[in-house]
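*Asks:* Work out the full structure, taking the sequences as your base and the hints as a guide.
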Amino acid sequence: MDLFKAAVERVYLPQKALKSLQAAKNLPGRPLPVLGEASNGYPTQALARAINVHCGKLHYKSDHMNGLQDTYNPPQHTQYQLESGNWGNYVCDCDDYAGLAASLFHKAGVDLDKAWEWNILVPLHLQLWQARWNHTLCGFSYHDGNKEWTGVIDTNTAGRGELFWFEGNAQQAEKAVIQKFKSIYPADYYTLAKGIWPEMCYHNTLI
Numbered sequence: 001m002d003l004f005k006a007a008v009e010r011v012y013l014p015q016k017a018l019k020s021l022q023a024a025k026n027l028p029g030r031p032l033p034v035l036g037e038a039s040n041g042y043p044t045q046a047l048a049r050a051i052n053v054h055c056g057k058l059h060y061k062s063d064h065m066n067g068l069q070d071t072y073n074p075p076q077h078t079q080y081q082l083e084s085g086n087w088g089n090y091v092c093d094c095d096d097y098a099g100l101a102a103s104l105f106h107k108a109g110v111d112l113d114k115a116w117e118w119n120i121l122v123p124l125h126l127q128l129w130q131a132r133w134n135h136t137l138c139g140f141s142y143h144d145g146n147k148e149w150t151g152v153i154d155t156n157t158a159g160r161g162e163l164f165w166f167e168g169n170a171q172q173a174e175k176a177v178i179q180k181f182k183s184i185y186p187a188d189y190y191t192l193a194k195g196i197w198p199e200m201c202y203h204n205t206l207i
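Following our numbering, the residues of the sequence shown are numbered contiguously, the last one being 207.
If you are wondering where the hints come from, they were derived from the structure by calculation, not from laboratory data.
It is possible that some hints are incorrect.
No more than 20 angstroms apart at the CA atoms, straight line, and that leaves these computed lysine to any residue pairs for SDA-like [claimed, not checked]: (1) K114 with W165; (2) K194 with A46; (3) K180 with E167; (4) K180 with L163; (5) K175 with W149; (6) K182 with E162; (7) K182 with W129; (8) K147 with I184; (9) K57 with P31; (10) K114 with K61; (11) K61 with W133; (12) K5 with V177; (13) K25 with V91; (14) K25 with S84; (15) K194 with L18; (16) K25 with K114; (17) K57 with S39; (18) K57 with L18.
For clarity, every value in this text was computed on a predicted model and none was experimentally measured.
*Replies:* Shown next, in the form of structure tokens:
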């Protein structure tokens with residue numbers, strides 16, 4: 001059993017989500033736009049492209065503590081920032097934007113388990129040197145009528161129009177996803193951990 005991954009998925013990310021839910025009460029927000037339609041609970045390629053374009057408009061302001069004291073911005077607050085141009089002093093980076101992307105899928109009718117927050121991690125023994133490269137992606141399922149695919153939106157590259165596609169479901173695609181992002185970022189990624197923030201936003205009407 002991978003104790004580090006388990007601690008991230010079962011302790012750190014749920015605690016971060018709960019803390020963020022409390023903070024969300026004090027933040028201005030705007031409802032998310034509906035950027036397309038789901039097909040039998042799955043995203044369409046057109047919807048994925050539209051969400052990627054939307055995420056390409058976002059402004060980055062990273063957390064200088066590498067996420068240790070970070071909270072998620074709720075999707076409605078990120079949408080407010082985008083529409084108003086008021087980015088304030090808030091940290092606005094990959095975990096906030098992956099949550100926004102997943103929430104945009106859910107807003108369009110995609111099933112909760114078919115769009116998710118995906119944290120790509122470096123091993124525990126490398127956290128001291130590579131913690132800044134821990135990254136958050138938006139994963140989603142897609143079915144072309146014949147087989148399953150896993151898509152990934154990386155909000156760092158969304159502005160360039162890049163979408164990433166991998167054969168198989170999330171579990172089958174995991175190794176290929178890790179290898180792809182190791183080729184993009186100078187990090188020794190080794191695993192992916194799912195977060196609960198997008199589902200929490202959905203159930204608490206933060207989209």
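*Asks:* Does L18 sit within 20 angstroms of K194, going by the straight-line distance between their CA atoms?
*Replies:* holds (15 angstroms)
*Asks:* Assess, step by step, whether the Cα of K5 is no farther than 20 angstroms from the Cα of V177, and give holds or violated.
*Replies:* Roughly 16 angstroms separates the two Cα atoms, so the pair holds.
*Asks:* Measure nothing beyond the straight line between the CA atoms of K180 and L163; if it is 20 angstroms or shorter, mark the hint as holding.
*Replies:* Holds. K180 to L163 sits at ~12 angstroms (cutoff 20 angstroms).
*Asks:* Can the restraint linking K182 and E162 be considered satisfied, given a maximum Cα separation of 20 angstroms?
*Replies:* holds (16 angstroms)
*Asks:* Hey, K175 versus W149, does the alpha-carbon distance stay inside 20 angstroms?
*Replies:* Holds - the C-alpha atoms of W149 and K175 are around 14 angstroms apart, at most 20 angstroms.
*Asks:* For the pair we were handed, K61 and W133, check the Cα-Cα distance against 20 angstroms.
*Replies:* Holds, at roughly 15 angstroms.
*Asks:* For a C-alpha distance cap of 20 angstroms, please report whether K182 and W129 respect it.
*Replies:* holds (15 angstroms)
*Asks:* Does K57 pair with P31 here, judged by a C-alpha cut-off of 20 angstroms?
*Replies:* holds (17 angstroms)
*Asks:* Starting from K180, check that the Cα of E167 is at most 20 angstroms away, please.
*Replies:* Between K180 and E167 the Cα gap is close to 13 angstroms, so the pair holds against 20 angstroms.
*Asks:* CA of K57 to CA of L18, is that 20 angstroms or under?
*Replies:* violated (27 angstroms)
*Asks:* Taking 20 angstroms as the top limit, are the C-alpha atoms of K194 and A46 close enough?
*Replies:* violated (24 angstroms)
*Asks:* Can you confirm whether the C-alpha distance between K114 and W165 stays at or below 20 angstroms?
*Replies:* holds (14 angstroms)
The structure is inconsistent with the numbered hints 2, 8, 10, 16, 17 and 18, although it conforms to all the rest.
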